[in-house]
Amino acid sequence: MAPREIALNHVSVHAEDLEVSARFYEEWFGMDRLPTPDFGYPVVWLRAGDRQLHLFHLDVEAPKNHHFAVTVDDLSAFYAKAREAGILDREEVREFPGGGFQMYIRDPAGNLVEVDGREVDSTVVGAPVRLGGSPEAKLFL
Numbered sequence: 002m003a004p005r006e007i008a009l010n011h012v013s014v015h016a017e018d019l020e021v022s023a024r025f026y027e028e029w030f031g032m033d034r035l036p037t038p039d040f041g042y043p044v045v046w047l048r049a050g051d052r053q054l055h056l057f058h059l060d061v062e063a064p065k066n067h068h069f070a071v072t073v074d075d076l077s078a079f080y081a082k083a084r085e086a087g088i089l090d091r092e093e094v095r096e097f098p099g100g101g102f103q104m105y106i107r108d109p110a111g112n113l114v115e116v117d118g119r120e121v122d123s124t125v126v127g128a129p130v131r132l133g134g135s136p137e138a139k140l141f142l
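FYI, in my numbering the residues of the sequence shown are 2 to 142.
Because the hints were derived from the structure by calculation, they are not lab data.
Any given hint could turn out to be false.
Unchecked claim - Label pairs and their calculated CB-CB ranges:
#1 60 to 127: 36 to 42 Å
#2 20 to 100: 33 to 39 Å
#3 128 to 62: 33 to 39 Å
#4 128 to 88: 17 to 23 Å
#5 5 to 37: 38 to 44 Å
Glycine included, every Cβ here is placed at the ideal spot set by N, Cα and C.
With the hints as constraints, model all of the structure from the sequences given.
Listed below in structure tokens is the structure:
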């Protein structure tokens, strides 16, 4: 039997207020709600392209640096909107040696979300911080 291709299926993160967090991901990333099974505690499933984001509510805090990444078409416009909304985790945008850019925001529950894009407009985001390391280090965009 041939080995099965591996693919990330979903990411699951804590949400203090499921409705507020679900609306955040719907409005900021265009995600859509999906039918959700009953796990015995509150959950919301969202479609994130061909993957899913699962929001759950349990008595836990969001980890400080654990994160997941979402790719957007226009990282510069997203950055400007996030800056205006006050949700940037840090002001800098980073550039990978082999291509691609990243920035970070915090969702309403305090989860760290990496937002990636292929290019940026430095007149909007400022001069990106160029990361060192392997020249082949790049995001799969």
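Checklist entry - What are the numbers of the hints that this structure violates, sorted from low to high? => result Number 5 only.
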